[in-house]
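Undergrad: Given next are the chains, with one letter for each unit.
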Amino acid sequence: MFSHAFEDVGKKLNIRMARHEQVSDALIRDSEISEAFRELGKSFSEEVADLIKQSGPGNIYDAVVSSQFDADRLDYMQRDRLMTGVQSSGIDFTWLLANLEVGTLSTGVDEEPLGEIETFVLAPKALRTAEALILALFQLYPNVYFHKATRGAEKVFTALMLKLIALVRSESTKATGLPDTHPIVKFAREPEDLGNVCNLDDAVFLGALPLLMNAEDICVKRLSTILRNRELPKCCDIREHLIAEIAPKRPTTNEQRNELKVRLEELEIAIEAQLNHWSDEKSTTVPRLLIDRTEREPYKTFQESKGPLNQIRIRDMSGHILDMAEKSPIVAAIETFKLFRVYFADGDQDAKLAIERITNDVLKGGGHGTK
Amino acid sequence: MVQNKSDREKAAAIVRDAGGQIVGRTRFQKIAFLLELAGLGEGFQFEYKHYGPYSEELAAAISSAAILGLVQVEDREASWGGWYSIYTSTDKSADIVNQQRQTLAHEATKIGAVELELAATAAYLNAFEGLQDAWTETARRKPEKASQERLARAKEAYRRLLLIETPEKLPAII
Numbered sequence: 001m002f003s004h005a006f007e008d009v010g011k012k013l014n015i016r017m018a019r020h021e022q023v024s025d026a027l028i029r030d031s032e033i034s035e036a037f038r039e040l041g042k043s044f045s046e047e048v049a050d051l052i053k054q055s056g057p058g059n060i061y062d063a064v065v066s067s068q069f070d071a072d073r074l075d076y077m078q079r080d081r082l083m084t085g086v087q088s089s090g091i092d093f094t095w096l097l098a099n100l101e102v103g104t105l106s107t108g109v110d111e112e113p114l115g116e117i118e119t120f121v122l123a124p125k126a127l128r129t130a131e132a133l134i135l136a137l138f139q140l141y142p143n144v145y146f147h148k149a150t151r152g153a154e155k156v157f158t159a160l161m162l163k164l165i166a167l168v169r170s171e172s173t174k175a176t177g178l179p180d181t182h183p184i185v186k187f188a189r190e191p192e193d194l195g196n197v198c199n200l201d202d203a204v205f206l207g208a209l210p211l212l213m214n215a216e217d218i219c220v221k222r223l224s225t226i227l228r229n230r231e232l233p234k235c236c237d238i239r240e241h242l243i244a245e246i247a248p249k250r251p252t253t254n255e256q257r258n259e260l261k262v263r264l265e266e267l268e269i270a271i272e273a274q275l276n277h278w279s280d281e282k283s284t285t286v287p288r289l290l291i292d293r294t295e296r297e298p299y300k301t302f303q304e305s306k307g308p309l310n311q312i313r314i315r316d317m318s319g320h321i322l323d324m325a326e327k328s329p330i331v332a333a334i335e336t337f338k339l340f341r342v343y344f345a346d347g348d349q350d351a352k353l354a355i356e357r358i359t360n361d362v363l364k365g366g367g368h369g370t371k
Numbered sequence: 001m002v003q004n005k006s007d008r009e010k011a012a013a014i015v016r017d018a019g020g021q022i023v024g025r026t027r028f029q030k031i032a033f034l035l036e037l038a039g040l041g042e043g044f045q046f047e048y049k050h051y052g053p054y055s056e057e058l059a060a061a062i063s064s065a066a067i068l069g070l071v072q073v074e075d076r077e078a079s080w081g082g083w084y085s086i087y088t089s090t091d092k093s094a095d096i097v098n099q100q101r102q103t104l105a106h107e108a109t110k111i112g113a114v115e116l117e118l119a120a121t122a123a124y125l126n127a128f129e130g131l132q133d134a135w136t137e138t139a140r141r142k143p144e145k146a147s148q149e150r151l152a153r154a155k156e157a158y159r160r161l162l163l164i165e166t167p168e169k170l171p172a173i174i
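If you read the sequences in order, they're chains A and B. Read in order, the letters of the first sequence are residues 1 to 371 in this note's numbering. Read in order, the letters of the second sequence are residues 1 to 174 in this note's numbering.
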């Protein structure tokens with residue numbers, strides 16, 4: 001439930017073991033999993049761990065584990081749709097697999113050619129199904145993964161974990177309401193210990209909430225109460241507000257689209273800085289504002305961090321192997337999903353007014369001088 | 001008053017200091033990495049990715065720099081069918097530039113993209129993963145790129161970079 005937000009905590013505190021890839025790697029190399037793998041060969045667990053650790057697929061087998069058409073994505077898109085009950089975003093998994101082939105692809109680094117590699121490629125008849133797959137993900141972002149209530153709860157979780165870890169590290173465990181032996185306390189003390197990480201899960205965190213609600217520390221008490229009683233913070237969608245103000249009608253030319261991008265970026269940077277400043281100044285215990293500014297691409301064009309096998313390829317009627325963004329105008333036109341929201345406590349009228357004032361002031365000023 | 005540079009200004013400054021132009025996103029990332037390693041960087045954090053050391057923050061920063069016009073980006077079709085980018089600095093300011101930084105960045109722009117990737121990867125594996133025989137591990141991880149000839153060229157290019165005086169010595173892997 002909180003795995004992504006937990007990774008965010010790890011990023012902020014530079015905790016290596018908060019990254020799920022790091023935990024998987026350690027478990028595969030040295031745990032009962034590696035014991036079980038030993039039957040398949042002395043170095044089998046190392047090979048599996050190396051494959052999972054790869055950043056971007058190095059060969060066609062890696063692409064099954066990690067790519068934009070990997071087994072994980074094909075699974076979670078169907079599972080999350082089912083479990084959340086959304087009726088849109090369905091995919092035709094059977095048709096996709098029935099049209100999956102292996103082809104060869106020329107590769108290079110920057111302008112320099114390298115040679116050919118094997119890649120998964122979808123047959124021409126799967127074009128519309130592949131488009132639907134990518135569009136489904138585009139819709140899952142706002143509808144499920146970046147739903148404002150979910151993100152609000154995640155922001156509260158992150159703030160709570162950061163406070164808990166800070167208290168434990170400053171020898172103030174007593175103020176958290178947790179016993180010394182609690183898994184969260186043990187993790188805060190030794191976050192790089194694999195055992196401590198494995199002992200943390202949703203049940204442990206949710207089970208801790210009643211204890212945290214009785215904490216001496218006001219911030220811990222309030223944030224845990226918000227989660228336990230589902231008194232989620234109110235959300236103000238700054239990006240939507242900005243778009244409504246400066247470009248209620250969608251731009252039609254590339255030039256207009258770029259202008260809007262630049263303008264939004266400048267305004268958002270300026271507003272974010274001022275909101276952070278206001279919150280830092282006005283918060284005594286609980287952060288008055290929780291800012292959420294992020295983006296996701298439903299289909300990533302070629303990225304140097306992942307390599308060529310990360311792409312979804314389709315064969316055209318002439319046998320050319322193309323990137324989906326080269327073949328499909330819909331996929332090529334999909335824009336990055338961006339959000340800029342700010343959360344504040346229900347009833348915190350000052351915070352609400354400050355958000356409105358800062359946003360409107362920056363809008364009037366044009367967001368200049370923010371480079 | 002001295003103002004702190006934003007990430008996008010730092011990213012754009014790398015292009016400016018490399019002689020005003022860098023061909024290729026991979027080259028851009030590896031040059032930035034080598035500058036960090038040599039103590040001449042901008043504080044970007046690098047991780048091991050598909051093409052060796054890579055900074056997500058830097059990629060976002062240069063993209064943001066392009067949106068705001070701090071660099072120009074031209075995308076061209078490569079002979080092998082893919083695309084590559086050319087970054088050109090739009091910075092006409094007379095900022096005081098570190099000579100060592102300029103020399104290292106400019107020298108690195110002359111290295112072939114694959115050779116630079118191999119050299120930067122070996123340097124990364126030594127500096128961040130503590131591998132003594134970093135070239136062997138580089139060859140193991142990048143079999144499709146690390147032919148004997150390319151490795152020899154990568155080592156020779158790295159040897160030239162080692163000759164440049166820098167605040168931190170680049171890993172002595174040769």
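The set of hints was computed from the structure by calculation and includes no laboratory data. Heads up, some of the hints might be wrong.
Chain A residues, not near chain B, derived (Cβ > 12 Å throughout) [to be verified]:
| id | residue |
| --- | --- |
| 1 | Val64 |
| 2 | Leu105 |
| 3 | Gly108 |
| 4 | Val109 |
| 5 | Arg250 |
| 6 | Glu266 |
| 7 | Phe302 |
| 8 | Lys306 |
| 9 | Pro308 |
| 10 | Asp323 |
| 11 | Ile334 |
| 12 | Ala345 |
Capping the alpha-carbon separation at 20 Å, the derived lysine to any residue pairs in SDA-like fashion look like this [what the hints assert, rightly or not]:
| id | chain 1 | residue 1 | chain 2 | residue 2 |
| --- | --- | --- | --- | --- |
| 13 | B | Lys5 | A | Glu335 |
| 14 | A | Lys53 | B | Pro143 |
| 15 | A | Lys261 | B | Glu57 |
| 16 | B | Lys142 | A | Lys261 |
| 17 | A | Lys300 | A | Glu335 |
| 18 | A | Lys300 | B | Lys142 |
Glycine included, every Cβ here is placed at the ideal spot set by N, Cα and C.
Undergrad: Would the least Cβ to Cβ distance between Ile334(A) and chain B come out above 12 Å?
TA: For Ile334(A), whose nearest Cβ neighbour in chain B is about 17 Å away, the distance exceeds 12 Å, so it holds.
Undergrad: Given the proposed pairing of Lys53(A) with Pro143(B), does the C-alpha separation stay at or below 20 Å?
TA: Holds, because 17 Å separates the two Cα atoms, which is no more than 20 Å.
Undergrad: If I take the minimum Cβ distance from Ala345(A) to any residue of chain B, is it greater than 12 Å?
TA: The assertion about Ala345(A) holds, with a minimum of 31 Å to chain B.
Undergrad: Below or equal to 20 Å on CA atoms is what counts here, so check Lys261(A) against Glu57(B).
TA: Status holds; Cα separation ~19 Å.
Undergrad: Looking at Leu105(A) again, its CB stays over 12 Å from all of chain B?
TA: 8 Å, violated
Undergrad: Can we trust that Arg250(A) is non-interface, i.e. its beta-carbon lies farther than 12 Å from all of chain B?
TA: Arg250(A) clear of chain B: closest Cβ-Cβ about 19 Å, beyond 12 Å.
Undergrad: Over 12 Å from every CB of chain B: does Lys306(A) meet that, or does the non-interface label fail?
TA: Not fine: 5 Å to the nearest Cβ puts Lys306(A) too close to chain B.
Undergrad: Would the least Cβ to Cβ distance between Pro308(A) and chain B come out above 12 Å?
TA: 7 Å, violated
Undergrad: Is the nearest CB of chain B more than 12 Å from the CB of Gly108(A)?
TA: Since the minimum Cβ distance to chain B is about 4 Å, Gly108(A) lies within 12 Å and the statement is violated.
Undergrad: Is the nearest CB of chain B more than 12 Å from the CB of Val64(A)?
TA: 16 Å, holds
Undergrad: Test the statement that Phe302(A) is away from the interface with chain B: the closest C-beta pair must be farther apart than 12 Å.
TA: 7 Å, violated
Undergrad: Taking 12 Å as the cut and beta carbons as the points, is Val109(A) off the interface with chain B?
TA: 4 Å, violated
Hints 2, 3, 4, 6, 7, 8, 9, 10, 13, 16 and 18 from the earlier list are contradicted by this structure; the remaining hints agree with it.
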